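*Asks:* If you want the building blocks of each chain, they are given just below.
Number of protein chains: 4
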Amino acid sequence: MSTVETTRKAQVGVVGVTGYAGAELARLLLRHPRVAIPTFYLRDGHRSVHCLSELLPEFMGWGEAPCSPFSVDAVVRGGPDAVFLSTPHEASQEVVPELVKAGIRVVDLSGAFRFADPETFAHWYKLPAPEREMLESAVYGLPELYANQLPSARLVANPGCYPTSVILALRPLITAGIVDLRRGVVCDSKSGASGAGKEPKRELHFVEVDQNMRAYGLFTHRHTPEIADHSGLKPEDFIFSTHLLPVARGILSTLYVWLEERRTTEEIESLYRQFYAGRPMVRIRPAGHLPDLHHVVHTNFCDIGFALDPSGERLIVVSCLDNLGKGAAGQAVQNLNGMLGFEEACGLK
Amino acid sequence: MSTVETTRKAQVGVVGVTGYAGAELARLLLRHPRVAIPTFYLRDGHRSVHCLSELLPEFMGWGEAPCSPFSVDAVVRGGPDAVFLSTPHEASQEVVPELVKAGIRVVDLSGAFRFADPETFAHWYKLPAPEREMLESAVYGLPELYANQLPSARLVANPGCYPTSVILALRPLITAGIVDLRRGVVCDSKSGASGAGKEPKRELHFVEVDQNMRAYGLFTHRHTPEIADHSGLKPEDFIFSTHLLPVARGILSTLYVWLEERRTTEEIESLYRQFYAGRPMVRIRPAGHLPDLHHVVHTNFCDIGFALDPSGERLIVVSCLDNLGKGAAGQAVQNLNGMLGFEEACGLK
Amino acid sequence: MSTVETTRKAQVGVVGVTGYAGAELARLLLRHPRVAIPTFYLRDGHRSVHCLSELLPEFMGWGEAPCSPFSVDAVVRGGPDAVFLSTPHEASQEVVPELVKAGIRVVDLSGAFRFADPETFAHWYKLPAPEREMLESAVYGLPELYANQLPSARLVANPGCYPTSVILALRPLITAGIVDLRRGVVCDSKSGASGAGKEPKRELHFVEVDQNMRAYGLFTHRHTPEIADHSGLKPEDFIFSTHLLPVARGILSTLYVWLEERRTTEEIESLYRQFYAGRPMVRIRPAGHLPDLHHVVHTNFCDIGFALDPSGERLIVVSCLDNLGKGAAGQAVQNLNGMLGFEEACGLK
Amino acid sequence: MSTVETTRKAQVGVVGVTGYAGAELARLLLRHPRVAIPTFYLRDGHRSVHCLSELLPEFMGWGEAPCSPFSVDAVVRGGPDAVFLSTPHEASQEVVPELVKAGIRVVDLSGAFRFADPETFAHWYKLPAPEREMLESAVYGLPELYANQLPSARLVANPGCYPTSVILALRPLITAGIVDLRRGVVCDSKSGASGAGKEPKRELHFVEVDQNMRAYGLFTHRHTPEIADHSGLKPEDFIFSTHLLPVARGILSTLYVWLEERRTTEEIESLYRQFYAGRPMVRIRPAGHLPDLHHVVHTNFCDIGFALDPSGERLIVVSCLDNLGKGAAGQAVQNLNGMLGFEEACGLK
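Protein chains in written order, with this note's numbering: chain S, 601 to 949; chain D, 601 to 949; chain Z, 601 to 949; chain C, 601 to 949.
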């Protein structure tokens, strides 16, 4: 897979820009110094749109990018260095194999190609299993863990927003072997409403979400198997929960672990710093300082902080990110950077 | 029309409880000291519900009121002292005449019977004109202006939320003849999202409303002719605008008038106090104090305050109410009180 | 301790009405059918106020209750059946013993008298230890556990808001002995901003809280020892965390437990229903239904729901209440009801 | 006044970065392609801070700019091309003359130098009048009106947030002479809470602002005389009001004008388009489309839309901007661009 030489800008396409993640992706790509103005491919119902600001008035005057009807042929004719899919699972399942077989490199934001085992997807998403061959060629696009697989990747499955926040917080601890797994790990995640998508639904009406908070998807959330696959934890070792917050964007995950033996805050902080040394998009807070949503919204950072109890045996880790940034569109751009040989944080600071 | 003797509680029915105003009406009636537990009549899609808390979990444990399928016959058989309709305009248009002709007294929360002239409704609502005969018998249910018509009313058309806030603020000034009508009156109204109804719509998605504000319905809002009919202003004398606020409930209207001649704050305050003397649900703020939404949400009050410019010639009036309280369900109960001979504020404080 | 005969209304006083809990208490008491209009005793800075609506404009027109300067003598002269203290910990520490010794029955909303061991308070609150004698006579005012101690109580220490939500959710499970305590229990609590008090602080500025969420007080929150004292858990068995939500009121606690052996949802639901049989202020949700903040704000209910994982070994319990209702003022009134022999839910539905 | 040659980046300093506008300014300048990393000068209480992210954790990892204690000498020694002051009025009043006299070019975000007449400031701000000489040399930094004065400006007084939204909406109409001034113009403005500053105050507590809206400063708001000076209206011709919205950022102004004679929507739209031809930061909406806060927050755009009543004689104009962007820091950068000869929108899209 060749990288993009520094003398030209990369050509990219975006399929699906009508959702919240798609619009964020447009925003990031239009400002990316190594990417030319992308082409936006629209599907049913928006095929007559010619310019991004017709769909999204906030782009008026600076993001008047061209839009055209989506077809695999149209994308192939464009000859892009890579294409993003910000489409429903079903649409990605249908289109990704065609694009990949036509030689197009793809970053897919849906859940369709995130699991090594086709049955995992079928079970949790209640949809047909994807082709095993496609899954085998797919890279799980969490650059902090798998950056070395990106340069040669033909298909990158962009991770879910919740798993990104949970895996980045837990993986260093699990890898270091300091967690008492006999006690169990708890992952309590809270997300803003843009994570639930743009489709109007009764439970996403302003009056229902505002001044409210609720838990949902307990023991059934589709993001659970991603955590099992990449955190280092076995499914029976952890409980994962999700909550809807009355904010537009942002995820805060609170992780609870019992340690095998007493640790100091210096040890914990140092463990995180070493694990993420050289990784620009994870920021470790000094002991005693916790991240919050304001620190990360409209950025591609995942911020991690922690508190250790006085006995040194119980640890709470707090992990924050923007579900549309590091949890979706920002991470997709980070993956593009890895695929095309750009600096990891290029266009993301 | 007979009042309800003090030795028994009134029997009432409610048609339509699935919207925000209907639920608020249920809340008020279940706590009303002179009203027996109401029967809730449900229409399509909810006919199998037997108990209010099946629909609205917040009523569990205290508002387990009976529900049954709606039909005119079922209501008539119940023999209620009055029935509330919290139904769409079209449904009210169909059902109200049948109920009234069957001898049932009705408080209708829709817009269908608010206008003396059938064409006004047809023009602004793009629906067939209601029967002139029904309109002639209907009372516009703003008790501060028309309380004396309530005891004999067979049909009360409960006012719109915006007009209630605007008319109550302007009428005393217009009646007193102190406004310079050559200059024009401006009514800038802002409402919370429950005023837009419970139907899920793209523009009512949490992410669209939160952290946002927008004007809408300029020069086309259906509440305009109510203001023209009851404020004392001619249609060409005022501009009325509406805005969507990122709050669940509450309306704040800011009214701008130029005065015919210099006035003092004492004169203005006194004018309002005299106009609303003995009316328990309008509260006049002392000069220098303005009402805000927190003062009125979850109440049936309309709070009015004002500021006069140093020249004494320009006046800003601020009027606040809860769009589900004094702007809908609370006012409907206030109308019921007037119809049945209860104290005006009974069950509303 | 005598109850209040049914032919007269109870006389009560309230010390401190300037905070959020105090205002909520005023709202509840003014509507309580067995309580006469209370006297509000104001401390420094508000001594010239004569009427509640001067302080709180939302009480205009219906809650014009008398206010007078606070002194122990003034309260004693009033001869109330009971007095509420909605005052800072330090103030309660000073005033409560004087009132109790003067024969006044007290419900104290501060943290000063919540712990059997004086050192617990001193350690967690960094304040002088209260008199052991006072603590011994104090009842921890969680009526679902200690209702039988209320009729004779001279001093009721009203519980903290977080502990109420956590203890009510966990106690039935711990009492039943079905929790695997070797694994540890996690209590992840989230609260609205009114729980942080009315004092203006940088971190409570609208701009800091809105669109944000943050964890705080990890391993240091003062409510921790209340959970240790009344949930049935030992301090080393659980982790308790607190988060600030961008809502005005409401607490949602998510509780994580591993069970000793497999259970069915029917068993769990039945266990909760039996534990709270006859207790009007705790509502158990049917399996598969979770409570949210909208179900409980502006009420005195604590709503409890749960989800059991398919293996039947991991349980998530969700507990919701209004931090100013069941978490403070409402619970204080529930305690008053118990002290004076009123029905437990009197004035609270 | 010399422009900055294209081969080097401009050196700028920022005095005051602890408020909301200061932090936004830092964000913009750190990303500005023609500006070198600025030096941040801190005043009392923050003099020991060496790096921006110590103060503002959201800058960690990308905005680790140097901070040093403020003094006029320190700024002069730095030899910057320009300095921003994001300081209180009093501080600007003291420091600006010293800096200007030392040859430093200044963009001042306070209100101190916005008025030609020293008495205007003294009257509305209740502070000593500034030196007349300073005022005479100051440019009112609304580039859409006064861009040609920027290249030679030594002192730019950055406009208030409200006036920017009102003046940009009204000036084209007034200049065109189509407004019936005998009837009076109404300017109803609504702002998010960041406009009220970062100081903790009772009325800015989350619980007070959330779910609320209130009018304030009626006939006394300090931004009134800016509108009188630059909109083309005489003080007695308009009423200006301000309201606090439950959002963090954004201003929406609704402007009401009666026209001298009937106009068409095409005429109005064309009038605006001609007035702002070539001005990149004002976006005119096509007739029938209104801007909202989401279109402008986190941008430097002022979006203007309108609705004309069917008679063609009454016009409502809606103007939106980000009070921290075009209403403060963004406009300050736009002014810098004008002073140093950069493209008007450089670093602002």
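Source of the hints: derived by calculation from the structure; they are not laboratory data. A couple of the hints might just be wrong.
When chains are identical, the list treats them as one kind, so a pair holds in a single copy or across two.
Said to hold, decoys possible - Lysine-lysine pairs mimicking BS3-like chemistry, simulated, CA-CA at most 30 Å apart:
#	residue 1	residue 2
1	Lys834	Lys726
2	Lys801	Lys609
3	Lys798	Lys949
4	Lys701	Lys801
5	Lys726	Lys701
6	Lys949	Lys609
7	Lys801	Lys726
8	Lys609	Lys701
9	Lys834	Lys798
10	Lys834	Lys609
11	Lys726	Lys609
12	Lys701	Lys834
13	Lys949	Lys834
14	Lys834	Lys801
Since we're looking at a predicted model, the values are computed, not measured.
*Asks:* Would you mind marking each hint as holding or not holding in the structure?
*Replies:* Here is how each hint holds up against the structure:
{"no.": "1", "hint": "Lys834 <-> Lys726", "verdict": "within (22 Å within a copy, 42 Å between copies)"}
{"no.": "2", "hint": "Lys801 <-> Lys609", "verdict": "neither (40 Å within a copy, 40 Å between copies)"}
{"no.": "3", "hint": "Lys798 <-> Lys949", "verdict": "both (26 Å within a copy, 25 Å between copies)"}
{"no.": "4", "hint": "Lys701 <-> Lys801", "verdict": "neither (36 Å within a copy, 39 Å between copies)"}
{"no.": "5", "hint": "Lys726 <-> Lys701", "verdict": "within (25 Å within a copy, 54 Å between copies)"}
{"no.": "6", "hint": "Lys949 <-> Lys609", "verdict": "both (18 Å within a copy, 19 Å between copies)"}
{"no.": "7", "hint": "Lys801 <-> Lys726", "verdict": "both (20 Å within a copy, 27 Å between copies)"}
{"no.": "8", "hint": "Lys609 <-> Lys701", "verdict": "within (24 Å within a copy, 47 Å between copies)"}
{"no.": "9", "hint": "Lys834 <-> Lys798", "verdict": "neither (33 Å within a copy, 42 Å between copies)"}
{"no.": "10", "hint": "Lys834 <-> Lys609", "verdict": "neither (43 Å within a copy, 53 Å between copies)"}
{"no.": "11", "hint": "Lys726 <-> Lys609", "verdict": "neither (40 Å within a copy, 54 Å between copies)"}
{"no.": "12", "hint": "Lys701 <-> Lys834", "verdict": "neither (34 Å within a copy, 60 Å between copies)"}
{"no.": "13", "hint": "Lys949 <-> Lys834", "verdict": "neither (35 Å within a copy, 46 Å between copies)"}
{"no.": "14", "hint": "Lys834 <-> Lys801", "verdict": "neither (34 Å within a copy, 41 Å between copies)"}
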